[in-house]
Amino acid sequence: AQTVTQSQPEMSVQEAETVTLSCTYDTSENNYYLFWYKQPPSRQMILVIRQEAYKQQNATENRFSVNFQKAAKSFSLKISDSQLGDTAMYFCAFIPRPGNQFYFGTGTSLTVIP
Amino acid sequence: NAGVTQTPKFQVLKTGQSMTLQCAQDMNHNSMYWYRQDPGMGLRLIYYSASEGTTDKGEVPNGYNVSRLNKREFSLRLESAAPSQTSVYFCASKLGGTDTQYFGPGTRLTVL
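If you read the sequences in order, they're chains S and W.
Using the working numbering, read the first sequence as starting at 1 and increasing by one per residue.
Using the working numbering, read the second sequence as starting at 1 and increasing by one per residue.
With the rest of the complex left out, here is chain S (with noise of 0.2 Å):
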């Protein structure tokens, strides 16, 4: 069975500040591609940042980066310099290769306080 978890419901950051979200994750599939997803009050899901499992260089898209433990299943997101639009819910995903189903995590709902 694949399964993802978010082990935290609900987090708060200063603006500014760095926060780190966690995922872990379970497969048995060699080769697949991470995911995190933000949901913000518009409820749009819009993508943040993607890793594929074979590489072992973590993904960057400017103030969010990825920590990619694949011997660990692990996926953590880190918000770096966090301002009031990061407030979200985020979601954790991957989909197995091959193959077309996504499977999310329970969200972690991210605060950013002024």
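Among the clues, some could well be false.
[Claimed, not checked] 20 Å max Cα-Cα, derived EDC-like pairs, lysine to aspartate or glutamate:
hint, chain 1, residue 1, chain 2, residue 2
1, W, 71, W, 99
2, S, 55, W, 99
3, S, 55, S, 26
4, S, 70, W, 99
5, S, 78, S, 61
6, S, 73, W, 99
7, W, 57, W, 38
8, S, 78, S, 17
9, W, 9, W, 79
Source of the hints: derived by calculation from the structure; they are not laboratory data.
Given the coordinates of chain S, assemble chain W onto it according to the supplied hints.
Only chain W this time, still in chain S's reference frame:
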């Protein structure tokens, strides 16, 4: 490009009523998906269509039917709505051979 569009944005039904949620994408994507989102549950896959003419069950298919009308459109039907189907429904699509999904804006459905 409009991306992925969903209609309606909001809907209220009475128990036992039927309705169809519509989804369309203009990105020439092969695969399309229907999810439901409930508090504390994340997104759960209802059905997906890997390509035109095919559909497969996801994690929570009971009470739903789907139709891949053509490459652009993928509809979700509730034949006899139940209060347990109160949720936010998302449609998504992705290009075959790639891995990134693109989501619609969601439909908030309430079943009384």
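To see whether the hints hold, each was checked on the structure:
no.: 1; hint: W:71 with W:99; in the structure: 18 Å, holds
no.: 2; hint: S:55 with W:99; in the structure: 15 Å, holds
no.: 3; hint: S:55 with S:26; in the structure: 18 Å, holds
no.: 4; hint: S:70 with W:99; in the structure: 18 Å, holds
no.: 5; hint: S:78 with S:61; in the structure: 10 Å, holds
no.: 6; hint: S:73 with W:99; in the structure: 19 Å, holds
no.: 7; hint: W:57 with W:38; in the structure: 19 Å, holds
no.: 8; hint: S:78 with S:17; in the structure: 11 Å, holds
no.: 9; hint: W:9 with W:79; in the structure: 19 Å, holds
This entry satisfies every hint, going by the numbered hints stated previously.
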